[in-house]
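Asker: Assemble the dimeric complex from its two separately framed chains, guided by the hints.
Chains as they are written, first to last, in UniProt numbering: chain A, 1 to 269; chain B, 1 to 680.
Accuracy of the hints is not assured; some may be wrong.
[Claimed, not checked] Facing chain A, according to a computed beta carbon distance under 10 angstroms, are these residues of chain B, among others:
(1) Phe412
(2) Ala416
(3) Ala420
(4) Leu424
(5) Leu426
(6) Phe457
(7) Phe459
(8) Lys515
(9) Asn518
(10) Ile521
(11) Asn522
(12) Asn523
Just so you know, the hints here were simulated from the structure itself, not pulled from any lab data.
Quick caveat, the model's predicted, so the values are computed rather than measured.
Glycine included, C-beta positions come from ideal geometry on N, C-alpha and C.
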Amino acid sequence: MKQFYLLLLIACYSLNALSENHIAGARSKSMGNSSVALVDIWGGYHNQATLAKLNKRSFGAYYENRFATKELSTKAFHFNYPTKLGTFAVTYSQFGFNLYKESKIGVAYSRALGKHFWAGLQFDQITKQLNSEYGSQSQYTFEAGLLAEVFPDFHLGFHIFNPIQAEFTMLDYNDKIPSIARFGFSWKLSDQTIISSEIEKDLDKDMRTKIGMEYKITDRLLLRAGINNHPNTISLGMGFTFKLLQTNISFSRHPVLGYSPTADVNISF
Amino acid sequence: MLYIKKISLSIGLIVFGSIVTFSQNTNVNNDLIEKIIENIAEQSDEELDYSNLLEEMNMLITNPISLNTADEKELKKLFILNQNQIASFIKYREGTGTIFSLYELQLIPGFSEELIRMIKPFVSLTQNAEREFDSNPKAQHQLLLKTEKTLEEEKAYTSTNPNSKFLGSPWKYYTRYQYLSPKKKMTFGFTSEKDKGEPFFKGENSSGFDYYSGFFQYKLKGIIKQINIGDYQVKFGQGLNLWSGLSSGKSSLTTQNANKSQGIKSYKSTNENQFFRGASLLLTPIKNSELAVFASYLNKDASLNSDSIETSVSSIVNTGFHRNLNEFDKKHQLNERVLGSYFYLNLKKVELGISYLQSEYSLQILPENKAYNHYRFKGTRNQNISLTYQTQYQSIHLFGEVAQSKSGGRAFIQGANIQAHSRLNLELIYRKYDPDYHAFFSSAFSEQSSNQNEEGFYFGAEFHPIPKWTIKAYYDQFQFPWLKYTANAPSNGHEYFSQLEFTPNSSTSIYFRYKQENKPINNSSEIIKGLTIQKKNQYRLHLSTRLDDNWEIRNRIEIAQYKKAGIKESGYLLYQDIRYQFSEKPISMNLRFALFDTDSFNSRIYAYENDILYAYSVPAYYLHGSRFYFNFNWKINRNCKIYLKYAQTKYASLSEIGSGNSEIDGNKKSEIKILLKLRL
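Isolated chain B, as found in the complex (with noise of 0.2 angstroms):
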């Protein structure tokens, strides 16, 4: 009796797991994605390439982490586990073996019923032997392709200024092939993409695509650990010094803010500046050690001073699009080249890193001659050292960092996890950037979104007082001690978030959002231009809920207040999603219809919107129109799968829309995107 429980014990796991495969997409994933990058895309005026972290996610889909066998650095690959639950977990998991059910995992202090619910598309809890059972020895080939279109046209297709004309199709490609060995020790492949209006085999990209790259990765047993050539990028420490790629902000994840060093990774998004391309090596000298070693030779884009003797560079330029003679003339035109390394030690109750980089570029750097710019990086040279730390004491989880730029700048960063009690979680982060701290690559904790000229204290909390429900928030205060692009002094200012979320049972969660923010900028209104505090209020009410098991719906509604100096504007959106997955087919559908109303850009409201497979978008919504999308997901079979979306925007009271060179004829701008995955 007791082998035949234990095999249906096992098959009910197997499905339990086929079916968290299947169901990629669903609410609880999307509630989680945008909950990790909605800050990001907020506080970024670009168009983010989220592929490397939305990747992460979905490779934790197919292949969940077994709670079961999984050690701390499997777990810290779960997003959303801080350092505090890590630790408590581990240390039930020793005090009772196995775990049979994830609602057992409401007994380990700091777990609560949503973050089960968040979790659990992420996790199973098969055990050793059946892993072994389940694991696939075939390699893997991926290829991904995609298209996208906007339908009207923009001016600048047509435009008859030679200098801003858009050289090519207004269609977007994008190809990705990725190769995955048998026992995944080896994985390469290439990432291709030609940005709308770039062109593509012709003129100056006589090469066909706009954007190349290109990565290999190999794992060994050793003193070498890993090797990578081509594109990698390195995360390490509290990212003071080397964070290259994205790194979630402040965010309704409240307590969860110490950056988890990842190492080096391959990479394979399309931002086209923050990587390195080169080599980099993965040693362990010693037990429990890590160094790395790592060089990189990359081309940037930059706009030249065309006014000084001297060629220079006045700031290096993000956006990756070359679409016209004036973007051309920007592209690569700043060689950087960079050498760092770094060593971690883990010993048993701390872990201590220290890490050195230097990069060396050809031309001068020279900012623009302004106040704001006085502390900015000059010159060729830069050079960065920082030392890290964090150790776990009881409940308490500190990390912190501290480092220096070859300007003498320093950097500071101190942060405390306290699981208060198992109800109670409490962050405390105190960071102080010298505004002549220079880093390149740095991405930690700060309000702005380089690690410079801020001191700030940021207070947040995760409590449930009763089951079912929790209440987050944080207050964070900042100040910059030195002038910036849009304050003409030193100001100071402070951000207040606060999120009251019933979850009745695993597949409903409704959620209250307050969020303030007091930031002093600039008045553009007298001639004397002093500084006025800008206030935005933003209030939230959200419902996601699956209905049964064809059925998901999300609901919002969102009003926005912004005033600064006599201005007081309001916006408010209101969006109903619906999505429907077929019993027996597998085809999913989701369509989104949303209505917005703002008084101007100043009080947009942004909102996370599905998207095909590896892409996320989070526009701002602003003006007043209706906007609506249809994303359509086939897995014709197991190796194929198509993804489409086709999204529209009407606008009530325009007759065009946008201005320059993106301006439309009309009211409406409508967007198409294909893409197929192909698994050989």
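Chain A with its partners taken away, still in its complex shape (with noise of 0.2 angstroms):
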């Protein structure tokens, strides 16, 4: 009894998971999720466009528990590698627990087009995997993004998920992977600030727009906030710099379901 009410539960916010892009990296969510144009070590769930703004290698991982439920948390890893070509990125998402998983394999490949223009390509494996009775399926897609810098430190950020409009086919109906398409911008008022904004339209869902900000408090400490709606959500979070580790946590809060604790680790080398 007790696994089928969480299955009921699971059904309505799994959806809610894959509706996301399995996004990963907790200085992106306590910003609101505004990270479409944000230079980020986990840009491979944003934007892979970012990534060819990196210069070290980085490794990180991540752990999100979804309104303080364990069988609802995410645990994503990624690995990026700039060259003189361009950077390659791995990553790995996993959402869910022994009855229902859904995870993610991206590989991604992005580049400088100019002086001030940026682009990245991912190719995605998708897997759910049910109960053993019903078995896994795995779908295949891709999603693209540009970055562009408009002014000096005002980045525009485009990114679409899924535009082939992939799906997994069940016994008796189709479940959409959803086709995700974003645009926002971020700005960096100095070396203290941050602000970044976005808009994020999902084929079947109403437009969400989501705001951000990262303020430096001092040169290990940062202090981040940030707002999105549908459903209308407030978030927050710090991040700490030590020598190559930095780590960051974030809270957020849905208004009827409370709050989701994440944390991230990493390794820039």
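Answerer: This is the structure we're talking about:
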């Protein structure tokens, strides 16, 4: 019985998990997910074009405990490898638990197309795995992103996910993988302060607006905050940098379902 | 040469100063007052008396704060500067020395052109020496006499029902006297008022006015700092425990929500409940600290529960009206005794405070036996204790308070104001007020009018992306863990506000505003009363400009939308204000013509109105019709000023206005107000 309820619950939110295209990275989370034009080592989950601006190899692990429920947790990893030709990246994320699991593997390539223009492309394998009786299924799709610096320190970003509208075919229905387009900016006001904003349109859902900001209190400590709508969510977070190591934490609050804590640990070398 | 230059500079400053004193009630001041009080008015159904607040502002206009000498405490009196701006201002002044021009202030992080335009009337650039020369060592007596009347007769005056018939005349009378000693050490005075319809020197009010209030305040040097006898207010910390009187809530000043402790002040308004009556003492036991003790004994209006065996009170009545027998039955039914104290310590980096308050009532307070009242205060005694702090770390101002009431219920507020960049100011506030937190004198940041049964996050921002442009926005997400009067279930909602403002020069301002509020409330149309979402949208375009030395205009277009379970309504308001100031004579006039068309009261639109001195109104415009008013201010001489207002609302499709006691035959409602200000 307990499992039945759980499945019911997951049925409701599994879509929610997918709808955000397996977003990972506590920095982005704490800025209201407005990361389409934000240069971030977790760019493989937001906009691959931003990866081209990285100049260090980095590896990171991420954990999200959605609504403080263990069964709704997400684990994610990324590895970025910048070269002279551009940046190569691999990402892996997994949502759920043994009765219901979604995972995504992405391989990305990103490079500069000019002095102020960058582009990135990623191939994805998305796998859905139910209880052993139902088996598992994999689908393949891609995502692509652009980043442009229109004024000094002002970046515009554009990203599409699953433009081919790939979907899982089940016995009696089709389980859609969302097709999502995002467009937004990030503005570095000073070395201390960044603001960002984006709009997101999922083919089947209301348009979302997101706003975020980051403020560097000291060289090691960062403070972040953000909001977005559909559902109305506010988020707060902090980042700590120590030599090679960087960690971020965030809390976001859904008006009905409560808090979702996330954290990540990264090494840049 | 240099000497001459200096003299001309100081003459310039004096002239500048006198212009400022002369041009009271200009657009800029009105815009600012509107910003501060607009939201208080929208949240309250009662007609509030803003005189304490407005008097402070007028005091600042006549005695502007000198930016070159003011300390932090004085700067806090400027309503529009937050702690971060004050800190950066002081830092700037320490670095550069004397400030010669207001335009210089733009170099300070967080100071925009718009802000400078706003503080301009309240500040001066005088130096110490000139100030001495300027100061006025004479004692001041000030007397205000006011009367007002609704010209059309309301039904209650001729009612045949003896319980609801108004016992007095439809004139309102108001008198206020204030004495200010030469060095401003001592002030005392009184306020008396008779509302429309209240008896005057007859019946129950054989002693004349219906409401009397008096105050005495004496400032000393030494351990005892200040003594207050009579009526006073205490405003401390973030207001979770002690904040008697108005505090502004969410407003277009989106990053100004930290309350600034004001300590103890004389009370001069006519809100008949929001103050203390008794005595208070302010001490300085050790350096940089403040200890206050106060006691109050006040009779309040209350509705009695008639059906219980023991007499008890169901609610405290705040209107202050005693016009008929029904209302007289509630007058002064409840006696309130309050003892309180606060201690405040200013360490170099941190300010800490603790406050305690205990109140005792002569009768049991027993709210109606309804589910939404489950956690309300019951009994005769309440106690509150609170701890508060504030600190400034680099460009982050942190403030907070935690409080507990006798019931065990807790309230908590924590905020941060961050000057993230010289052009970007952010404010984050989290608050959590338990359903059983009881405080009779609280007024901390919240969505509701009381600090009870609420949890929420507030994000506010003020951003100047390019010169002359300002973006202000806030987003507030809140939830009510227990039922409310309007909601039969725990509920949650949000409010969103954004404003784009353009200030092309110091005399013109244009803004566009969008505001949205989503809140679940009871669905009245169904048998099972569930919740349904009520959605309100507001769009406003406002222009205010000074055309030359004589003319000023203000224009507004506003659209309101209201949606609730199938009901969809909209409302429109359009108005034109004109103000004329004679060049030769000290006379100014202003006029408004407004057209409004709303589907019902639900889609009403509030708009601030100019009024006579110390009176400001924010009426709700609804249904369809037009309204105009005319204000006339004449400074007859140094000691005598006269203020007149005539206003009339004419509805297009009504044969009677209002309902019940306040019903008026016909489609017009007009009002006249006269105020005389005398200085002796």
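Asker: Each hint: holds or not?
Answerer: Structure-based check of each hint:
For Phe412(B), the interface hint is violated, since its Cβ never comes within 10 angstroms of a Cβ in chain A; the closest pair sits about 16 angstroms apart. Evaluation of the Ala416(B) hint against chain A yields a held restraint, the C-beta minimum of about 8 angstroms falling below 10 angstroms. A hinted interface residue such as Ala420(B) counts as satisfied when its beta carbon comes closer than 10 angstroms to some beta carbon of chain A; here the least separation is about 4 angstroms, so the hint holds. A cut of 10 angstroms between beta carbons decides the hint on Leu424(B): the least distance to chain A is about 6 angstroms, and the hint holds.
With a least beta-carbon distance of about 7 angstroms to chain A, the hint placing Leu426(B) at the interface is held under the 10 angstroms criterion. Residue-level restraint check for Phe457(B) holds (minimum Cβ-Cβ distance to chain A is 5 angstroms; threshold 10 angstroms). Among the interface hints, the one on Phe459(B) holds; its C-beta lies about 6 angstroms from the nearest C-beta in chain A, closer than the 10 angstroms criterion. With its C-beta approaching chain A no nearer than about 15 angstroms, Lys515(B) sits outside the 10 angstroms limit, and its interface hint is violated.
For Asn518(B), the interface hint holds, the least distance from its beta-carbon to any beta-carbon of chain A being 8 angstroms, beneath 10 angstroms. The restraint placing Ile521(B) at the interface with chain A is violated, with a minimum CB-CB distance near 16 angstroms, outside the 10 angstroms limit. At a threshold of 10 angstroms, the smallest CB-CB gap from Asn522(B) to chain A is about 19 angstroms, leaving the interface hint violated. Among the interface hints, the one on Asn523(B) is violated; its C-beta lies about 19 angstroms from the nearest C-beta in chain A, farther than the 10 angstroms criterion.
When each numbered hint is compared with the structure, violations occur for hints 1, 8, 10, 11, 12.
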